[in-house]
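Enquirer: The primary structure of each chain is shown beneath.
Number of protein chains: 2
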Amino acid sequence: MTAPSCPIPKLNFDIITLGHGSGGVLMHELLNKTVLELFRNDLLDQQHDGASFELSGQTAFSTDSYVVSPIFFPGGNIGDLAVNGTVNDLAMCGARAKYLSLAFILEEGLPINDFWTILLSIKNAAEKAGVQIVTGDTKVVEKGKGDGVFINTSGIGTVHPKARIHHRYVQPGDAVILSGPIASHGIAVMSQRQGLQFETSIVTDSAPLAEPVMALLDRFGEGIRFLRDPTRGGLATTLNELALASGLGIEIQQSAIPIDEQVEGACEMLGLDPLYVANEGAFITVVDQNIAEDALALLKNIGQKQSSTIHHPPSIIGTITPDHPGKVILNSRIGGKRVVNLLPGEQLPRIC
Amino acid sequence: MTAPSCPIPKLNFDIITLGHGSGGVLMHELLNKTVLELFRNDLLDQQHDGASFELSGQTAFSTDSYVVSPIFFPGGNIGDLAVNGTVNDLAMCGARAKYLSLAFILEEGLPINDFWTILLSIKNAAEKAGVQIVTGDTKVVEKGKGDGVFINTSGIGTVHPKARIHHRYVQPGDAVILSGPIASHGIAVMSQRQGLQFETSIVTDSAPLAEPVMALLDRFGEGIRFLRDPTRGGLATTLNELALASGLGIEIQQSAIPIDEQVEGACEMLGLDPLYVANEGAFITVVDQNIAEDALALLKNIGQKQSSTIHHPPSIIGTITPDHPGKVILNSRIGGKRVVNLLPGEQLPRIC
Chain V
1 MTAPSCPIPK LNFDIITLGH GSGGVLMHEL LNKTVLELFR NDLLDQQHDG ASFELSGQTA
61 FSTDSYVVSP IFFPGGNIGD LAVNGTVNDL AMCGARAKYL SLAFILEEGL PINDFWTILL
121 SIKNAAEKAG VQIVTGDTKV VEKGKGDGVF INTSGIGTVH PKARIHHRYV QPGDAVILSG
181 PIASHGIAVM SQRQGLQFET SIVTDSAPLA EPVMALLDRF GEGIRFLRDP TRGGLATTLN
241 ELALASGLGI EIQQSAIPID EQVEGACEML GLDPLYVANE GAFITVVDQN IAEDALALLK
301 NIGQKQSSTI HHPPSIIGTI TPDHPGKVIL NSRIGGKRVV NLLPGEQLPR IC
Chain R
1 MTAPSCPIPK LNFDIITLGH GSGGVLMHEL LNKTVLELFR NDLLDQQHDG ASFELSGQTA
61 FSTDSYVVSP IFFPGGNIGD LAVNGTVNDL AMCGARAKYL SLAFILEEGL PINDFWTILL
121 SIKNAAEKAG VQIVTGDTKV VEKGKGDGVF INTSGIGTVH PKARIHHRYV QPGDAVILSG
181 PIASHGIAVM SQRQGLQFET SIVTDSAPLA EPVMALLDRF GEGIRFLRDP TRGGLATTLN
241 ELALASGLGI EIQQSAIPID EQVEGACEML GLDPLYVANE GAFITVVDQN IAEDALALLK
301 NIGQKQSSTI HHPPSIIGTI TPDHPGKVIL NSRIGGKRVV NLLPGEQLPR IC
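Same order as they appear, the protein sequences are chains V and R.
Take 1 as the starting number for the first sequence in the numbering used here and just add one per residue.
Take 1 as the starting number for the second sequence in the numbering used here and just add one per residue.
Check the hints yourself; a few may be wrong.
Repeated chains share a single entry, so a pair holds when one copy, or any two copies, can fit it.
Unchecked claim - Straight-line Cα separation of at most 27 angstroms, BS3-like style, residue types lysine-lysine; simulated pairs: (1) 305 - 162; (2) 327 - 33; (3) 300 - 128; (4) 162 - 300; (5) 162 - 327; (6) 327 - 10.
Hints were generated in silico from the structure; no laboratory data involved.
Could you put together the complete structure from these sequences and hints?
Expert: Put into structure tokens, the structure is as follows:
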């Protein structure tokens, strides 16, 4: 758990009950002493049915629900995941997140201690990402009709004025850059699954990605053609989606894809292809081939800063090609070639 | 069910499975043939991690998760409820909803037929409310870890230029207007609860409320001091929240509160106080006493139009007073006075 320590407020209950979703006295006590106190800001303090603020220019809007199981895993929990995930969806639109909504579906019986830990992680992640939580909602469902905590965050962000991010701008010859090593989030969560626990020091890569994305856009503008974070379904799914949407082919080098040795070992042990395992702190960007080396250098620079939230090393993992349109081809370490398909079914349910 | 009829698309499955939440082939087939086809618009078609659009001026942002049980009830289902609920939260900020996000948490085993019916209701409700669904998310949880369907909608709207809506503008002497009869949503849902079914023609009042709110703001501007829709916890909770926040008292006349005879009968039968029963198509507004009669007349006019979505009759139900600050006092039909408190616990769980 990465939450900062902070004493839990004095409450007249130690688990969540249906009454906490009623709109009545219990719900007021819970929210006033936890959420509203912790995330205090002028917009949230309006305590309206929504938040109002002045906005102008190109705006990005995104939503995600988080159902990760278990809710606590090495390096994080559902709370910081829910902040970083939506902040990153906005970053992939070329936008810096400004405002987040925060909606909980709590299961009756959830320990208040767990709820508090999650709230602290949310606060911490929101501060790191420079985003304000301005409106929210809390519902409670009966025991057995939920699973501890589900969170939805929706976000509003300001699009970088130089951003021209779309699969239609992707061209043959463009380079595919991956910002950092893959598969650690999925493996960190799997390592805590009931019946599957294994000893490892692998932690989630969950991190906000706006900083490197804004730096790329500042410097290279339209040279940055496409951005996407390979979460559910992993790198393979994201690349397939791009190939299908753009009608172009993608060729990648297995040897160029960064992966932590321990993560690779765990994937082997579990029989998982790391290309399909979820990430929460990495992104791919497709860039004009003429700026590829400079863009890589910029990401390396950022990744090496002490204050950096991103993981390194970044790597140029492949190129866009007019051949085999709609398909992703992997050149393996041992010299073979294979098609990397969309996952036909489900590999790792509830990973985010 | 209020959904328009429309043939269900041909799919290779008839229930939701975990694979539909994987990011892989199954999820693409489900979303492409249902959600993306049904809600087709330029922003959604971007198929980005979020939607981007130009926005300017005072903007309202709101979120709500919907966990109503059962998901189908007389007059509606969780789908139209999720659209109207968030559209109305924005209306209560004095804003007209423009863009909605739509996030599902589906339980494994949900019949595709049910999912399709809900999608059609969402489409229908969004069209009625004049709002576009521009971004979304779909997660699937194992059987027994959810309850059919949970929906989160978040919304962005443009605040009316004349809107000055806040409890701090509420003054002694102001009139409290209720837009229509209370308690029918809660009773309609209760009538379908397992072990509690009863025969009734009561239907939910779920409806979009932006039209009457915009008309009030157009005409009376700052004369409209406060707006709130009494959903969870009902009219009693909303009035108590206003009394507590403003530090003023509220006096209401029981005889002036509109309620359908059948709804009142059902409340008596179930031992429920209709003041605490949820509404989804009514709002209260606190207005300058000098415009109260005109505002009432305007609401009456709108309610009587054939195309109107709101229910009538509206009524002036009370006044703001400097006496008994923070308290709501009811003058009963039989001449008594009683304090109307915040609900101490839970009356009707999962009503929205």
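Enquirer: Evaluate each hint against the coordinates.
Expert: Results for each hint:
Proximity of residue 305 and residue 162 under a CA criterion of 27 angstroms is satisfied intra-copy only: 24 angstroms inside one chain copy versus 48 angstroms between copies. Taking the shortest Cα distances, residue 327 and residue 33 sit within 27 angstroms of each other only across copies (21 angstroms), while inside one copy they are farther apart (53 angstroms). Proximity of residue 300 and residue 128 under a CA criterion of 27 angstroms is satisfied intra-copy only: 20 angstroms inside one chain copy versus 51 angstroms between copies. Taking the closest pair of Cα atoms, residue 162 and residue 300 come within 27 angstroms of each other only inside a single copy of the chain (22 angstroms); across copies the shortest separation is 50 angstroms, beyond that limit.
With identical chains, the CA atoms of residue 162 and residue 327 are never at most 27 angstroms apart, being 30 angstroms at best within one copy and 54 angstroms at best between copies. In this assembly of identical chains, the alpha carbons of residue 327 and residue 10 lie at most 27 angstroms apart only when taken from different copies (25 angstroms versus 57 angstroms within one copy).
Hint violations for this structure: number 5 only, all remaining hints satisfied.
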